[in-house]
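Participant: Take a look at the letters that make up each chain.
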Amino acid sequence: MDDVLIVITLLLVAASATAAVAVRDPVRQALVLSLLGLTLAALFTVLQAPDVALSQLAVGTALTPLLLTLAVRKVHRRPHTRDDGRGGETTGSTESAGAIESAAAKERGE
Amino acid sequence: MMHVLPYLVAAWVFLVGCYGLATSRNLIHAVGCLAVCQSATYVLLLAVGYRDGGTAPVFSDLEPGSRPVVDPVVQALALTDVVVGATVTALLLALVVQVAKRHGTVDPDELSELRG
Amino acid sequence: MSRRLRMWVLALGLAGLAALLGAACFELPDFGGDQHPYGDRAVRAALSHHTANVVSSVNFDLRALDTLGEESILFGAVLGTVVLLRQTRDERHVEPAPARVSPPVRRYALYALPVTLVVGLYVVAHGQLSPGGGFQGGVVAATALHLLYIAVDYRALRRIRPVGRYEVADAAGEAAFVVLGAAAMLGGSAFLANSLLPYGEFNTLASGGTVPLLNAAIGMEVASAVVVLLARFLDQAVEIEESPKPPSTPTSRE
Numbered sequence: 001m002d003d004v005l006i007v008i009t010l011l012l013v014a015a016s017a018t019a020a021v022a023v024r025d026p027v028r029q030a031l032v033l034s035l036l037g038l039t040l041a042a043l044f045t046v047l048q049a050p051d052v053a054l055s056q057l058a059v060g061t062a063l064t065p066l067l068l069t070l071a072v073r074k075v076h077r078r079p080h081t082r083d084d085g086r087g088g089e090t091t092g093s094t095e096s097a098g099a100i101e102s103a104a105a106k107e108r109g110e
Numbered sequence: 001m002m003h004v005l006p007y008l009v010a011a012w013v014f015l016v017g018c019y020g021l022a023t024s025r026n027l028i029h030a031v032g033c034l035a036v037c038q039s040a041t042y043v044l045l046l047a048v049g050y051r052d053g054g055t056a057p058v059f060s061d062l063e064p065g066s067r068p069v070v071d072p073v074v075q076a077l078a079l080t081d082v083v084v085g086a087t088v089t090a091l092l093l094a095l096v097v098q099v100a101k102r103h104g105t106v107d108p109d110e111l112s113e114l115r116g
Numbered sequence: 001m002s003r004r005l006r007m008w009v010l011a012l013g014l015a016g017l018a019a020l021l022g023a024a025c026f027e028l029p030d031f032g033g034d035q036h037p038y039g040d041r042a043v044r045a046a047l048s049h050h051t052a053n054v055v056s057s058v059n060f061d062l063r064a065l066d067t068l069g070e071e072s073i074l075f076g077a078v079l080g081t082v083v084l085l086r087q088t089r090d091e092r093h094v095e096p097a098p099a100r101v102s103p104p105v106r107r108y109a110l111y112a113l114p115v116t117l118v119v120g121l122y123v124v125a126h127g128q129l130s131p132g133g134g135f136q137g138g139v140v141a142a143t144a145l146h147l148l149y150i151a152v153d154y155r156a157l158r159r160i161r162p163v164g165r166y167e168v169a170d171a172a173g174e175a176a177f178v179v180l181g182a183a184a185m186l187g188g189s190a191f192l193a194n195s196l197l198p199y200g201e202f203n204t205l206a207s208g209g210t211v212p213l214l215n216a217a218i219g220m221e222v223a224s225a226v227v228v229l230l231a232r233f234l235d236q237a238v239e240i241e242e243s244p245k246p247p248s249t250p251t252s253r254e
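Going line by line, the protein sequences match chains A, B and C. To convert, note that position 60 of the first sequence is 60 in the numbering used here; the numbers rise steadily by one, no gaps. To convert, note that position 51 of the second sequence is 51 in the numbering used here; the numbers rise steadily by one, no gaps. To convert, note that position 49 of the third sequence is 49 in the numbering used here; the numbers rise steadily by one, no gaps.
One chain only, chain A, in its complex shape (with noise of 0.2 Å):
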């Protein structure tokens, strides 16, 4: 039953991470980030490891991810930012202090 858990967990963190490289755009691979953080916090419980487990799902699923969408969003919003064609406008002037996942997706034009 353990080794079932554990495969099954490792597995995930595999496809996890393997999303996490393959998503490109980095708003959206800060999500898979926190799903990865996620399903590692769910492997170290299962390895019975409470305190790390802890850990990385303080770390991995709220705090990495925060860092890097809002440094995207800081990079982004530089008015001649010529990033990869996509961040030329801002959103800076009428800045609206929401989440900002929302605000990053308003950058993408969705």
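Among the clues, some could well be false.
[Stated by the list, open to error] Derived CB-CB ranges, DEER-like:
(1) B:E113 x C:V115: 50 to 60 Å
(2) B:T23 x C:V179: 27 to 37 Å
(3) B:E113 x C:A182: 46 to 56 Å
(4) B:D109 x C:L186: 15 to 25 Å
Keep in mind the hints are simulated off the structure, nothing from the lab. Here a beta-carbon is modelled for each residue, glycine too, at the ideal position from N, C-alpha and C.
Once you've looked at the hints, dock chains B and C against the given chain A.
Facilitator: Leaving out everything else, chains B and C in the frame of chain A:
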């Protein structure tokens, strides 16, 4: 297979992260790939410390000696690095923000052209 | 080097690394094996020091010097981020406009905030007894404060977050760790040795000698470090923007 699968998964995660790091066209994405590489080390450490039928090394609700426990040393190593790794990620992202300010791009290829 | 050539070098390197790692995997002790000499010794040492959570004992007692190193990396990384993300002369400060938040989001975020904060502090305080400790609880407590950003807006968050004081708290946490280590030396034993306080009764809050104190120092440092980091990034993302007419174009460097 079961006796090497966790190690192989750790190796796979590390290699995938390296691939992403090397082929990334966006420095922010590269930092994310580095986070993937980091997580491979946690998987490896905890896999080395696991013991079949073992339980967590916490004795607040466990009679000492009544059950085998998994290795606490590797857990302590992984635990501190998870948090410290996040702050290092923040430092790298701060560098990326500076690069974007200075050069107006976060594409490593364009950056190397700038240096010419 | 052309892109094509680079891909070939990369493929070669990755293939070599994969072969080496794959071979190494089969040489490692089997997963789930019964041989854990260090683990067994750590468990014995932790129990003799009356610390119920062996992982905390390893971090703050048996390998406390290692944790001091990790903590210094954390401190240095935060310091570097603060220096890198300061407001430069060609940037200006933009006051963020108040944001409208839909009532359910506001309600649940405001309910969740105190609960999360208390959970974070609980996790720090019980580090020597149950899974958790300064590292995890610190992150939880620090991110809890940022629920205010989701519930209200950035200005509300800024009001409860005097960054300067958190920077001081960050340094104080680091200093407290070193001072506690030096105090053990003054007491006649090794740096960071767990010899200052009585070990106390097993499985109570005051057990483990200096473990709870070092744990609290780490909790304070990590919590304020995360607050400071997020503050710097949020400032950059929300408040600071380039002046309308930058003095120099980005490509023409000095």
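Participant: Each hint needs a verdict: does it hold in this structure or not?
Facilitator: Do the hints match the structure? See the list:
{"no.": "1", "hint": "B:E113 x C:V115: 50 to 60 Å", "verdict": "holds, 51 Å"}
{"no.": "2", "hint": "B:T23 x C:V179: 27 to 37 Å", "verdict": "violated, 47 Å"}
{"no.": "3", "hint": "B:E113 x C:A182: 46 to 56 Å", "verdict": "holds, 52 Å"}
{"no.": "4", "hint": "B:D109 x C:L186: 15 to 25 Å", "verdict": "violated, 56 Å"}
Violation of the numbered hints given earlier is confined to hints 2 and 4; the remaining hints are satisfied by the structure.
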